[in-house]
Structures are given as C-alpha cells and as structure tokens.
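There are 2 protein chains.
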Amino acid sequence: MKQKLLIGVDIGGTTIKMAFINMNGQIREQWYIPTDTSEKGKQISNDIANSIRDHSLQLNIPYDTFAGIGMGAPGFINMKTGFIYNAVNLGWENYPLKDDLELKSGLPVYIDNDANIAALGEMWKGSGNRSDDLICVTLGTGVGGGIISNGMILHGANGMAGEIGHMTAVPQGGAPCNCGKTGCVETIASATGIVRIATEGLSKYPESLLNQTYDINRSLTSKDVFECASKEDQWAVDVVQFVSLHLGLTIANLANALNPSKIVIGGGVSKAGERLLEPLQEVFNQFALPRVRDKAELVIASLGNDAGIIGAAWLVKENIS
Amino acid sequence: MKQKLLIGVDIGGTTIKMAFINMNGQIREQWYIPTDTSEKGKQISNDIANSIRDHSLQLNIPYDTFAGIGMGAPGFINMKTGFIYNAVNLGWENYPLKDDLELKSGLPVYIDNDANIAALGEMWKGSGNRSDDLICVTLGTGVGGGIISNGMILHGANGMAGEIGHMTAVPQGGAPCNCGKTGCVETIASATGIVRIATEGLSKYPESLLNQTYDINRSLTSKDVFECASKEDQWAVDVVQFVSLHLGLTIANLANALNPSKIVIGGGVSKAGERLLEPLQEVFNQFALPRVRDKAELVIASLGNDAGIIGAAWLVKENIS
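Residue numbers (this note's numbering), protein chains in the order written: chain A, 775 to 1095; chain B, 775 to 1095.
Misleading hints may appear alongside valid ones.
Since the list gives no way to pick one copy over another, a pair counts as held whenever it fits inside one copy or between any two copies.
What the hints assert, rightly or not - Derived lysine to aspartate or glutamate pairs resembling EDC-like cross-links, with alpha carbons at most 20 Å apart:
{"#": "1", "residue 1": "K955", "residue 2": "E1056"}
{"#": "2", "residue 1": "K955", "residue 2": "D1068"}
{"#": "3", "residue 1": "K854", "residue 2": "E1071"}
Please keep in mind that the hints were generated in silico from the structure rather than gathered at the bench.
Use the sequences and the hints to build the structure in full.
Structure follows, in structure tokens:
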C-alpha cells in the first residue's frame, strides 16, 4: 500500500502554516498562506482547502494520498466535534470548523487548540521523545500549556485543560492578567511579563547594563534580560531569578500532581536555553518530590515553529490508526 | 448469565476492609480482618485469600461468581504489574503482590494505591457522579489525592501522580513536611496541620473559645477548630480562613491545569461540611479561570470509609469489561 500523507495546519492571527507530513513525522513540504480575517473569517476554510489542492497538483501528489487534515486553532474549541465557540483573533464565533472544512476539502478533519498541538508535536518528534506523560509550557507573548498523561492530551471538562499560564503565582498584589485575574504565572514568565518586571525596576538600577540597553533602544526584550544576566548584570540576574522562582514553583507543583517524565519549555523565551533552564531546574529540584524530580527531565523545546504543524499531523495519525 | 460479583479490598496498617460488591457498585457484604504485619507482612495475601473463601462458603456464593479482586494499598506501587516497591506500614518491600494473591486466590487481581481507589469510588458511586474529569482530595492525617482525567485515573511516569498534598503552599518558611520538603499543603490542610496551626497561635488568643477548649481537653482536634469557628471564635475563624486560602489556591491552580467537572473533598476534615466548603469555594472562585470555575463543582465526599472498597471493585469492573 502506498504511504499516506498527513496534512498539518496551524492557524494564527496573521498567517496559516501548512505542511504535508509523512507517517514518520517528517515534513515533506511546508508553506504559509495569509489569514483572511475579513467577514468573520468566512474565507479561511476555503483558503485552506484550495491551498491543499493547489499544492497537491504542483507537487504531483494524488489527492487520495492524504489521510486527513489535523489542525490547531486558537480560542475555545470543542475538540470532539471541532466546533469553535469563539476565536476572537480570527472572527469565528459558534462556527462548525470541522464540518465546514471536511465539506470543502473532502478529507477528514481533526482539531485541537494551538497549545495542545504544540505539545503533541514536541512529544512526537521533538524534545518530548515520545513521552506518555509530558507537560509542555510555551513562553511567548502569553504562557500556554499542553498536558499529555497516559499518552493522551488532556482536555478537561470543557476544553480548558492545560491553562498553565493562568495558575496563580502571586496570590496577593500580583500584576493584572489578560484573563481578568491577577498574579497569573503568565504575568511573570511570558516575554511580556519579563519585560514588564525588568522595566519597572530600571529606575532603581540606573547603572545597570539593562538600563543602558534600555537607554539605547528605548525598550527592552526578554532576550536583553537573559543576555545582560549572562554578563552578570545584577538587576538582570535578579529578574531571571524571580521569573525562575515563580515558573519553577508552578511547574514543580504541577509535576507533583501529574508526575511527568518530560517537561518541555518552548516559545520565544525558551531561546535563552541554559540561561533559563539552569535556574529553573534549581527551583524545580527544591519544590518537586524526590521521586517526581528524579523521573522528570526538564528540557528546551526543539521544534520551534514547526511544533504546531507536526502535532496537528499527529492528530490525524492517531485518529486513523 | 449469572450476575458476577466484584471483590473490593482496602488494606490499611491495622485492618483490611473487604467487600463483595455487585456490578452496579452496591455492597452485598462487607467485613474487616486485622492486618498481620509480622514477618514483613508475608501472611497478608494468605489472610485475604482465606477470608474470601470463608465468606463465600458462609454466604453460599459459588466461587466462580467472583470476577476478580480489586485492591488498594498504601506505598509505592507499579499499578500495571501490581508490584509493591515499598509499603512501609505493611512491611512489604519489592513484593509481587498481584502475582502472589492471584496464585493464592485463583482470581485475577488489580491493584492501585489507596488515594486513587478512593477517587474511583467517589467517581463511581459517590459525590463524583461518574465525572470523567475529577480531582479528589482526602484531608486526613495527611493530604492524599487522586486525579481522573479523560475517564482514567492518572498514574504518571512512576506512579506518583495525584500527590496533591505535596504541592507547595508556602514556598518560604513553611512548616516541615513528612516528605522532607517544607510548606506542602499537607502541612496546612491535613487534620494534623490544622491542629498544629491552631495550637501554635493559642498563646496569642488566651481568651479564645479555642484556648478554653484546649484547657479542658489538653489538646485540640480539627473538629474543635471548625466548631469554634462556627461559633465565631475569632482565632478559629482565622485558622479556617488560612487553611481555606492555601487549600483553595492549590485546588484552583490544579483546576486551571486540569479543568475538572467535580472536585471532591474527602477524609476526616471534610466532615466539617459547609463550614469548610463555603470559605473554600470563595477562594476557589477567586483563583480559578471563569470557564474553569463555571464547570467545576466543589463537593464533599459521600462514601466515607467505603470509598476505597467501592473504587477497588471498580478496578475489576473496568478491567473485565
């Protein structure tokens, strides 16, 4: 029998990442199309279906080679029915995405949220190394999370499982979070949070390298913070310690409850690599139970932006096998 | 076909609770035998097998009516193989419990730890009401936990999942915990923790009802604390608030990650009922995401000491069906 191909789709607010991926998780072809959010995003599923047909023709791949489409979308989703309750960035509201795209593509469609497919991608082909018990934390503009336990992604009672970013790190007097609460770990360990904390303290450290960087660029990035910390700038070191304390404690608490074998740290902030991992590991070791700590490996994600399309393809593979 | 019977066994350090339970989860017969911990607990499996035979004869139940034995044990267990790494209270060390009991009873045996079978029991026949996504927290001498997600009990990478009692509530300067760490939620929300906190503050509140109770009995119980709080004794109210804050925050954080539909509070401390549930719900509402909060029902366990044998019987039912 001819080897089937999986289609991975990762929808973002400005671009849609797409790929043809083989059953071993190798990317055969990948490309982007723009996200057309006009008219409440009604063109998006057409654009995806047409783009798949175009690329299959260009590459001379018979359409019946495709086993199905796996898809990651932002927002509130019913993963079983592929129904989107609400995806603000895309304009979708009460939209039967799965049904619509199946109609337009003629292929079976499987949907999960973007944080979960990133976790599945890292599990399948990335740092997660096929772990059946994995926590993935994505440190970007916000903090996303995906939890795999007993080999399955957890969805919870209404699809909210994995909202690690909204675990409370500072119960009293924490910074306001986009979710409406205060003191969420997202307000501290996201790129946005790190920059906020670093910037707020600059006036107290006028001589710091971080303040000099700010004076040159009139702004800071989380990368600046880690770079200044590696040069032993005290204020930058303090910020990294503070971030590591709260993120490490949150992860250790979750690990005590879930006992993962892999904890994968991804997203833009994770590019700091060992500069983040080392202080994080120290805090984790302090707060995790010995048997939990000994089994859990803390690692940096390895797939970068490809995690989503690979995890989306995995959804298809799991559902057809 | 004749209705099969399930055998539920819940092993404690002093007694073993046993029951014949039908496929609907109704207890047909239950009894206790003492736990013989002499000679590293080598008689325990014999005692269980013999007791099953005795009771089946007495009750005139043909032995082939039994579908199998489900069993909850304390300690570190490999749930798949039923191998006990270590159960200090019973004397077991590197002991193939499942294999041994299957040999002696001639019945299939399924094993999980005691906190997990309590969660399964509450899920099947108690306050959990068949929820596929449930967190069970048992507030007794310690704080135990069991997590059901996607309809399955979570074990994690080496059987440690559900150790909710060792999530850290007080990161710095917390009380020492039996696990070797400090500030675990067990040091605050267990019966032991509540009594410790209440007793430590008595000298500051010489006029309090709680201090008067202490003077009469020369000791306190967690029940005293809740009773004095319900009479609006300020120090007792403060203790209940403090306990609720830390337990409620821990549960809300876990709920943000797992999105349960039921959170079941069991164990001796839960007998306080609404006196505990009301302040706990208030804290939970503050720290849980709105969509998580709206879906999660916080309830008191309803099966008491029967949760274990019923959950153990459920293990058999799930494995044979």
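Violated hints, by number in ascending order, as checked against the structure: 3
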